[in-house]
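Now for the letters of each chain:
2 protein chains.
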Amino acid sequence: MDRYLVISGDGHAGLPPEKYRDYLDAKYHAEFDERLPKEIAMRAAMEEKLLVKEFNDKWRAACGDDIYGVWDSAIRDKVLDGDGVAAEILFPDGITERNAPPFGADVGLRCQGANPELLWAGARAHNRWMVDFVAMSPLRRIGLAIIPVVFDMEMAVAEIKWAHKNGLRGVLFPCMTDGYDPYNHPKYDPVWAVCEDLNMGIHFHSGASPPLAPLPGAIGSFLMEFPFWMTRSMWQMIFGEVFERFPRLKVVYTEGSEFWFPWMVKMMDIRASVKHTSGKLGDFRAKLTMPPSGYFNRNMWVVASALADRDTMTACYELGLSRVIWGSDYPHPEGCWPRTKDKMMVSLGGLPEADLEQIFWKSAADVYDLDLPALNKIAAKIGPEKQWLATRQAAE
Amino acid sequence: MDRYLVISGDGHAGLPPEKYRDYLDAKYHAEFDERLPKEIAMRAAMEEKLLVKEFNDKWRAACGDDIYGVWDSAIRDKVLDGDGVAAEILFPDGITERNAPPFGADVGLRCQGANPELLWAGARAHNRWMVDFVAMSPLRRIGLAIIPVVFDMEMAVAEIKWAHKNGLRGVLFPCMTDGYDPYNHPKYDPVWAVCEDLNMGIHFHSGASPPLAPLPGAIGSFLMEFPFWMTRSMWQMIFGEVFERFPRLKVVYTEGSEFWFPWMVKMMDIRASVKHTSGKLGDFRAKLTMPPSGYFNRNMWVVASALADRDTMTACYELGLSRVIWGSDYPHPEGCWPRTKDKMMVSLGGLPEADLEQIFWKSAADVYDLDLPALNKIAAKIGPEKQWLATRQAAE
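Chains A and B, in that order, give the protein sequences.
Under our numbering, the first residue of the first sequence is numbered 1, with each subsequent residue one higher.
Under our numbering, the first residue of the second sequence is numbered 1, with each subsequent residue one higher.
The set of hints was computed from the structure by calculation and includes no laboratory data.
Any given hint could be a false lead.
[Unchecked claim] DMTMM-like mimics (lysine to aspartate or glutamate), calculated; alpha carbons at most 20 Å apart, straight line:
#	chain 1	residue 1	chain 2	residue 2
1	A	Lys280	B	Glu357
2	B	Lys53	A	Asp283
3	B	Lys58	A	Asp283
4	B	Lys386	B	Glu357
5	A	Lys266	B	Glu318
6	B	Lys266	A	Glu318
7	B	Lys49	A	Asp283
8	A	Lys266	B	Asp309
9	B	Lys266	A	Asp311
10	A	Lys377	A	Glu353
11	B	Lys266	A	Asp309
12	A	Lys341	A	Asp2
13	A	Lys280	B	Glu225
14	B	Lys280	A	Glu225
Please model the entire structure based on the sequences and the hints provided.
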């Protein structure tokens, strides 16, 4: 094939907030109707507060109506065609696109202080819509179910089974478990078991953080800390021996700053090597049969979202490309789109074909159940030409 | 001089818990008497739960009575002589030695959930004792005052002035501000001002973390996270423009895993370089006149406690030795003592003399007001011989 099969590990999709009503259990409609205007106003205020208008306006002007692919099926496939992307993983949205699921069940999925019943209701509304959205283009849409897992293991297991049965192919879990048990608690075992059995990869997507005070240094601090908040599950699960009990369980970290991961993997290995400094704390890794990096390299993947420079690709090499899945982050302003191919050229142009195959689809094929022959047919028409990416072009 | 002047950046000192009563304001005696047995029992239970008995017993057997240098002045100086250490920075203690100041004012200095009045009372009791302890050997003891700064700026400023006037030469601040304002809040400006004016370096010492649940993976997770909890002030202060307003303010991070710091410094510089991915958040570094690493390299130091291997020293080189202060961590089990010189040899033997001078005293001399001629007289008698450290000996 003279084109690459590209599977984006990071896409966002969600309805305009008022339309989630149709997917919500009727008993929550009154609560939904009361909260809707407040939620819309709150998200508008957050956008006002956090986003630079000039940046945002310029970016939106370049998007045109194609941004409505965030909920419109036909536009979505057209955008993917233009980007050269055959299929993509679909996360919910929130924050910038004003299309978050109700009751806080957005990509940040904060559980602390949330009403568990309402958060579940919001998540289910989104999951139902996602089932419909996937059904309109099932080959190209790898939909994830939102699972606010911390509240109730039985409900989580049931929803994961429902999602799998209805065509979804992975789950989104909250990054931050504050106030609830961390992911090294054995109570999560039934959840790990069903995810392993059904090959439903567990996804953690960046975004969640403690509330930001409007102070100088708040944005810089947020940028320093979000990879930490999103990856605590990594050491909780590895040191918590989860992958000893569930060796085929898969975990995916999306949009978490590529350079962060080699550091944390190295740090886990340092911590696990018994040294004088931690000797007093006992042999906390007695049940681990591999160094932590062994579990990382078998059970975990990193989605390199919005790869737009060469330094980031260097971090991916350090991580090992078998761990890396390329992602576009459509339709977020920090993503590749609407200049996906320009950014592919800047970050990837001239790299060996085998390396690009690895991050464009091979790593993804290790995580998800994919119909590769059918996807290759799509890629043969719309994928980026290998010849085009074979030479590095000068960055603008 | 044929011996090195060595100043340890990490020493702990504190009274047996019952003896702090003599240094506590009388109005807290009833509360103290009621809590004392509970605190002793709580710390014994924590030791039981967290520390490996076999490790601890073996280590204590090697210490003999010299461990009582933690509060005994004569033993303290004898231990320093044996270690070749001319002077040291004195932190409070807690956790392992059962000699923590009252009401939670230990080296962890957790403020969340604490009673501010009692925490201040406990801190002041320790500070008073520390003034006495320093006075018994003022040249060799660089005492720090415990300042639970988050509660009240005026009280903090007053206590820092009192501490300086009474011979203390730096302050210990809480690493974790949870529930209170982070260190990028401008309300701390009067505190930064007095610390800058009086050359009272601000110290953050590892140890604090959210409570540990007794779960598999808890220790591994703690070890992965404590450097994060202890260094959040780094990016809060740098991105919060604190060093633009207080360019001579000094901050010291003690026992935080040396490899962590080059990563965080690099990460701050990455975050501060405007890129597409953070462009939507605006120019949050407009008021910074240097890259974050510039402030780090001017205003911050790292104490490499318990240097016991060559890898850690490699991390110190990466950080730049002008940022590094050697520390023994007496009398903690994870520290160098009672085998300080063996560990010096393993970690430092054969390295260039100028490099050892830098981490043994030059970096410390940039932070603290020191009487170097007088200290050199002590070092000329008890310091490690340069000849002895000039060649690397085989590790056991």
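> Which numbered hints are broken by the structure, listed smallest first?
Replying inline: Violated hint: only 1; rest satisfied.
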